[in-house]
Structure formats: structure tokens, C-alpha cells
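Q: One-letter residues, chain by chain:
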Amino acid sequence: MDMNIPYTVEERPDTGLTNGKLGIWLFLASEVMLFGALFSTYIILRMGAPEWPHGELNVWLGMANTFILIGSSVTMVMAWASLKLGDWGKHRIYLLATFLLSAAFLVNKYFEYAAHWAHGELPDKSTFLAIYFTLTGLHGIHILGGMVVMAYFLGPGAKMYKTKPEQFTNRIEYTGLYWHFVDLVWIFLFPVLYLL
Amino acid sequence: MDKTGIHPGGEHAHIHVDSHGEHHEDLGFWRKYVFSVDHKVIGIQYTITGLLFLLFGFTLMMIMRWQLAYPGRPIPLIGMWLGQDRAPMGIMLPEFYNQLGAMHGTIMVFMGVVPLAVGGFGNFVMPLQIGAPDMAFPKLNMMSYWVYFLGGVTMLASFFQKGGAAQSGWTSYPPLAVIAPGQTMWLIGMVFLITSSLLGSVNFIVTIVQLRAKGLTWMRLPFFVWAQFVTSFLLLLAFPPLEAAGVLQLMDRLAGTSFFMPSGLVISGKPMLIAGNGNPLLWQHLFWFLAHPEVYVLILPAMGIVAEIIANNTRKPLWGYKALVYSVTFLGFMSFIVWAHHMFMTGMGTTMSAFFQTTTMIISIPSVVILTALLLSLWGASIRFTTPMLFALAFLPMFGIGGLTGLPLGLAPSDIHLHDTYYVIGHFHYVVAPGTIFALFAGVYYWFPKATGRKMNEMLGAIHFWGSFICINIVFMPMFIQGLGGMNRRMYDGGMQYAHNKELLKYNLWIGMAAWTLGLFQIPFIINFFGSIKWGKAVGINPWEATTLEWSAPSPPGHGNFLTEPIVYRGPYEYSVPGAARDFTPTFEPEKA
Amino acid sequence: MHSDQESIKKSIRSYIMIGAALFVFTGITVAVNQVHLAIPLAITVALIIATMKGSMVASVFMHLSHERQWIYGALILTVIGFAILMLVPSLTINDSIGTPIHVAAPAAAHTGH
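Residue numbers (my numbering), protein chains in the order written: chain A, 1 to 196; chain B, 1 to 593; chain C, 1 to 113.
Calculated from the structure, these hints are not laboratory results.
We treat Cβ as the ideally placed atom computed from N, Cα and C, and that holds for glycine.
One thing to keep in mind: the hints can contain errors.
Unchecked claim - Derived lysine-lysine pairs resembling DSSO-like cross-links, with alpha carbons at most 30 Å apart:
1. K162/A x K9/C
2. K109/A x K9/C
3. K90/A x K9/C
4. K32/B x K159/A
5. K537/B x K32/B
6. K455/B x K534/B
7. K9/C x K159/A
8. K164/A x K214/B
9. K139/B x K214/B
10. K109/A x K125/A
11. K159/A x K90/A
12. K164/A x K32/B
13. K214/B x K592/B
14. K139/B x K162/A
15. K164/A x K9/C
16. K316/B x K162/B
17. K316/B x K32/B
18. K322/B x K592/B
19. K162/B x K32/B
20. K164/A x K10/C
21. K316/B x K139/B
22. K125/A x K162/B
23. K90/A x K164/A
24. K109/A x K90/A
25. K32/B x K455/B
26. K162/B x K322/B
27. K159/A x K139/B
28. K32/B x K534/B
29. K316/B x K534/B
30. K10/C x K162/A
31. K164/A x K139/B
32. K270/B x K125/A
33. K506/B x K455/B
34. K214/B x K316/B
35. K159/A x K10/C
Stated by the list, open to error - Simulated restraints on C-beta separations:
36. M86/C x W117/A: 27 to 35 Å
37. G349/B x G55/A: 32 to 40 Å
38. M86/C x W535/B: 27 to 35 Å
39. A538/B x I76/C: 47 to 55 Å
40. V577/B x M52/C: 51 to 59 Å
Work the whole structure out from these sequences, hints included.
A: See below:
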């Protein structure tokens, strides 16, 4: 492009921020409110239900997915740290690992959903199932979105590292922030839906 | 010397202070005018699209007012074309009336006013006022506009689906909204519109925080920028719950879930075969959690515009700049904890009613402070009655009436009688129509020379103003009388079926006449707007002799906006400084050595 | 912030350690669940553990522990908004005038007022 927007790569002295850093945090703030609305829905629906099911969800699969997602958060932050250390090879490995772990998460989710559908446990059967599918579904879409971004940085986006390494590194950092947020949501989703 | 087009580059302006010395090659028609990443082009796109949607939403209302003035009479001119589903023999069906009502509200709020106030004025003016070369994320900005456009098209297309457009009020309360036609496309359209706003708000906040020019400290920001800043935070944090709620209602409609559907629902004698245990109040909470801050999104940019124009046309600094800044910030915070004053009639107990009533009374304080500061700014002023100033001056008493009539609505005991009556319609229209929309007109007349290099015609402007001002008061003032008399909202026969409305029906005729005349008085504006692009009086950089940064850029500004790096030396309203040579000292003028 | 190699290497150590801690806490969460506490206590304990895990992710992985004022400010506003969204709707729904009429017919019973 063309327009030279200041503070894209270097930090603005008085705020100490780059544009992208502030931008991604603001976006995450809006995401907190988005998932917040669904958690609020959960609270209200649970209060209004004569009984709330237990044991309908596969706790072990949920726990496995929790380990997978935490692991992917570690590999994601390592992907960024590798770039800060100038290690392009390690960065690629860690970013690919994050991508693959996310895929594994979604595969597990698919098996979970398939099992529910096989038993006729669909969203219209109870408010519990409705909020379960909506919360995990929206979360799953966010995982997918993150994977698309990672695929971009593994693929066509990678060449920016050659010409603008600092900007590329920043972009990986912002991707990481988004990814950790997705992990954070699951850290709350898992106990709320599967355990309580 | 090409000053006749609205395009991002006049003769002189390929420049900005850029150490790379980049050469900006010609982008071609599509990248320059359609898929542009230049905030000025995007701002103009938002402005024109917003104005067109405003006109369309206004037309829907004019058709509604025919039915209310002459219930059961065939609609003139277009009646026979509307078709059997909407108006057989040209006579409006109740379902169609409801569509007009729901879509009028939706279109005016989400496709008209906010895109114009925030997308249009915010995009075009704010980067110029802070001395930025563009927004922080130009490509995201372009995406915001096109997602808005998509949402708007979806909303308009909904009129053509079977069963018609959404017809459950702009508030879309379940269970009705879940079973009524037209709602699915409304929900999808809302998801697009909300996404557009969210992307835009991130852009605005980052731009204001990060891209202020050298010397532009927070307390030197024009009030317009403060207003846009707070507005963006409201959009950022309040819209997501409605997006979530929209998805939930979509699931209730399409997947048969019962998020909002209670148990034991029986419709037309048939019990609904759903899981139940849902809560219609959940929708109301999630909806109003956004929709209340949304009304401040509607008014804050307008206050910002009025503040700029008043300072400029009084040749005096604004009174109480600090008070204005603190008030608008406090207002932003409070707007998140008042929403259930729209829900006093939902069976809420006295504890929570008292809570929301109290917060609602408190929030009126910053509004009054802002209005008072603007009024006091007129004291001892040398007023220039330019067209922008006429609209800005009218804003003050009109917003005053709107605000005062909100008080009985915010107090739970009186709201019991006034809720869902025409009083409410009168109240909020006073704030938005002769309030915000007048401010937006003022802004168009004021910044038109910056965008095009030409001034709009003052005579046409005066006709537009006086005609609109008189008619709009005749439209909305009687509604307070109707509401106090107990006439309900959203009745397609104008309230005829209720005996207590008998004496109030005559106002429907007056309101209708005034509404159609108001429509006619927009014609001078339309002619003026498009005509002045070509034939308006050509002006230079600072035709209003204003002080803020945007008036240091060429008219229209080119790629990168400023010819030299903008530097701010003083506050934004240094008018009539004692000892100065002229009656205004711009922020960008260096100190005399 | 992370401007030199040493501090990044130190951070990497903390990333690994926090990752391990998160695994452990996940195990604890599931184990506590097996104990079948009373519902209010179970909710409290689960939320406390989840909050601790979340704070670790936020402060270490997301570098929030040494972030700038602006970010903290935006997040504080968000947390307040989030808290309002969690508490106020359910408080309002539960605060009702008088007693709801309970219809005898089974289908129409608990209509979550």
C-alpha cells in the first residue's frame, strides 16, 4: 500500500503502544462482552429451569480438549518468542503445532457433537443443550477463525518476514493475544458447562 | 485547478510529510472511488448512503401517517403498486403498517443516523481534526463501510420476502418476534450492521489515541473528537450483547430452541411444541443493554457537531470546556446502567425499579450540563446566523424539550401511565429528529466546503431550515397530548378502536399534513447538496474562519491530508483573543516569535 | 518490553512453567468436581480455580502483567461492563412484584419469571 500510518511498527512515546496492540485489545474487549452476554444467558436460563442436566456431556473429552487448547497457547506464545529471538525455523514449527492442536480440538468437538446428534440431543430439546451448543459453537467458530489467520501466516503471509520482520513479529503477537483469549474463554466454558 | 469533484486529490495534494518520498500512482476508478481506503472517500460514502437511507425511512413514515390520518383510505400515488399482500385495493393492511413501523425505526437508527453521525462525520472530520494522515486501520475502515452496505441491502431486501419485512417493532420482542414473519432477515441484517460498527469503533479509538498531531494533548481536543471517542467506547462494549441476542433469536426461529420462549405458550389455540423454559425478558435485557447506550450514540456526535459550530459562529470560546469533557465521559459510563427504564412495565420489583430510576435521574445531570454549557456559550456572543448556525441553535431548545419530556418516562410511577404511548414517541423523536438530525444537517452545511471546496447556498439553506423547523414541531408536539391522553403506540388504525382516543384522533390529521410538508421541505436540501457540488461558490481553505485543525488542510484535502506536518500550538477555541490581530487564532498557527 | 535476548529466554521459562501449572489446575478442577460439593460451593470453587487459570493466561501469555495504562484502562471498563451484564439482568428478573400465579397444568408450571 501507500499511506504511511505512524506507530504501526514503532511505539508511540506517550502511550507506549503500537496501533495494532491497542486495536487487538479493544477487539478482545468487545469479545468479552459478546461471550459475556452468552454467560448471562446461561445464568438466567439455569435459574429458570426446573432442573439442570448433569452427565450429558463427556467430561474426559472436554478435559482432553482443555489440555489441547492450553498446549496450543504455549506453542503460540513460543511461536512469537522464537521470532523475537530471530529463530525463523522454530517459529514455523511452533506455529504449525498451534495450528495442528487447534485442528485436534475441532476434531474432538466434532466427535462430541456427532455423539449428541446420534442420541437426538439437539439444541431444541432443552435450554441446557441450546446454550451448550451456542456457547461451544461460537467458541468453535472463533477457533476456526484463528486457524484461518494462522494458515495465512504459515502460507502467503509469511513472506512479510523477509521485508518487514518487525511488523510481522507484531502481527504474530496480536494473533497470539487473540488465541490466548480463545483459550481463556474455554477455561471458563469447560467447568461451567461440563462440570457444574 | 480542479475543485469540482469530491475526490481525494485536488491538484496540490499528493503530499504528506513522508520520508520515503513515495509516489502515489493513480489507483484506477474502483480503488479510488468505490473500494477506497481513504477516510475521506469512506466518510462521503457513509454520508450519502446514510442520507439516502434517512430519506427512505422518512418515506416509510409518510406512508404510515397517511393510514393514521385517513384510516382505511387507499394510499395515493403508490397504493395500487404495493400489491395484494401489502395494500389490497391500495388500502394498507395492518401487517404492512407494522412492517412500516418496525423498519422505519430500524432504518432510521441503524442505517441512517448512526452511519451518518459516526461513519460519515466521524470518518471524514475526525482524522482531519486531530492532524492524522488517515485512520489507524484504513483497510478495516473500508471493510466497515461495505459490511454496513451489505447489512443495509439485507434490510431493504427483507421487504420482498414472503410475509414481508420485520413487523414486530424495531425492538423485536419475543415471543412475537420469534413467530412473526420477516424477522430472520432483520436479524441477519443486524449482525452485519453490528459487525460494521464494532470494526469502526476499534478504528476510531486507536486513531484518536495514537494519531493525534504533535502538541494535541487530550485537553486541547475539539469537543467533537471527545464526543466521537466516548461514542466509540459505547459502540465497542454495548453492541456485542445484541449481536449475541440476535444469534439466539435466530436459533429460536431456525433451530427451534427456546432461549426466549416460555413454557406453556399457546398460539391461536395451538400449544407450541417447544422445550420451553426460556425467558422473553432475557431478550429485553440483552436488547436494551445495547439500545440504551445506542441513544447516546445517537446524541453525542450531534452535541459534538453543535459545539464546533457554536464556537465558530459566536466568535467566542466554548463555555465550560472542562465541564463538557467530564460530563460527556461521565455520561458514557452512566449509559451502561440505566437500560431497564425501558422495562418498568415488565413486573420488575420496587428495588430494581428504584435502582434504574435513580441512575436514570443521575444521567440527566451531565446532559443538562452539556446543554447549559452550549447555551451559556451564546452569552455576549457576536452571532453569525449562517445556515449551520441556524440548525445548531435550534438543536438547543429542541434537545431541551426532548430531554425534559424524558423525565416523566424515567420516573417509574409516571412511566406506568406513559409507557408505550405516543408520549414516548414524542419524547424520543424530539431528541433524535429536531435534535440529532438538525445537528447532522448543520454538520453537512458546515463541512461541505472542506469536502468539496464549495459552499452550499444560504437561501436554500434558510428555506430548508425554517420549513423543517416549523413542520417538525407540528409533527411531534401534539404527540405529547395524545400520549398523555392514553393513546397507544403502534396501532394501525390510529387508535380509533378505543373510546378514550376519540378527542385525540384529530391530531393525526395535523401530524400527517405537517409530516408531508416536512418531506417537501427536504427538497431544497437535496437540490442544494447535489447542486452545490457543481455550482456552489468556490471557497478556500478556511471559509468559516475557524480555529480547528481540519481548516488547515486544502479544500478538499488530498492523499495524506496535510501539506506540511500539522502541529498544534494552543487550544481549539481561541476566538476573540484579546490583543490578537484577528477575531480567531487557529490552533495550527505558530506563536509569533 | 522484551527488547533483549536474555529477558525473552527468561520469559520462555515462565511460559513453560505457567503451561505446566495450567495443566495441573485443570486436573484439580476435574478432581474437585468428582467430590460432588453442594451447588453454591461447587460454583464458587470452580470459578475461583478458573479465575486463577485465566489470570495466569492473561498476565503471562498475554503479557498483561507489564502492559500499558491504556490497555489496563480499556480492560477495567470491560470488566465493569461484564460484571454489570452478569449481575443486573438476573437480579432484575428475580426482583418481581408480588407472587406469580402457578398454574396447575404440568406444561405451564415453572415459567422462569
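Q: Mind checking the alpha carbons of K270/B and K125/A for me, to see if they're no more than 30 Å apart?
A: Since the Cα atoms of K270/B and K125/A sit roughly 19 Å apart, the hinted pair holds (cutoff 30 Å).
Q: Sort out whether K10/C lies within 30 Å of K159/A, counting only the CA atoms.
A: This hinted pair holds, its Cα atoms lying about 29 Å apart.
Q: Please verify whether K164/A and K10/C have alpha carbons no more than 30 Å apart.
A: 26 Å, holds
Q: Would you mind confirming whether the straight-line C-alpha gap from K506/B to K455/B stays at or under 30 Å?
A: Violated, at about 42 Å.
Q: Quick one, are K455/B and K534/B close enough, alpha carbons at most 30 Å?
A: 10 Å, holds
Q: Does the alpha-carbon distance linking K162/B and K322/B stay inside the 30 Å limit?
A: Measuring from Cα to Cα gives roughly 54 Å; hence the hint is violated.
Q: Is the straight-line distance between the alpha-carbon of K316/B and that of K32/B 30 Å or less?
A: Not satisfied, since the Cα-Cα distance of roughly 39 Å exceeds 30 Å.
Q: Mind checking the hinted window 47 to 55 Å against the Cβ distance between A538/B and I76/C?
A: 50 Å, holds
Q: Would you check the hint for K109/A and K125/A, treating anything up to 30 Å between C-alpha atoms as holding?
A: Cα-Cα ~19 Å, so holds.
Q: For the pair supplied as a hint, K159/A and K90/A, confirm whether the alpha-carbon distance does not exceed 30 Å.
A: Holds, at roughly 16 Å.
Q: Do the alpha carbons of K164/A and K32/B lie within 30 Å of each other, as the hint requires?
A: 26 Å, holds
Q: Against the 30 Å threshold, does the CA-CA distance of K9/C and K159/A hold or violate the hint?
A: 26 Å, holds
Going through the hint list in order, the structure does not satisfy hints 2, 16, 17, 19, 21, 26, 29, 33 and 38.
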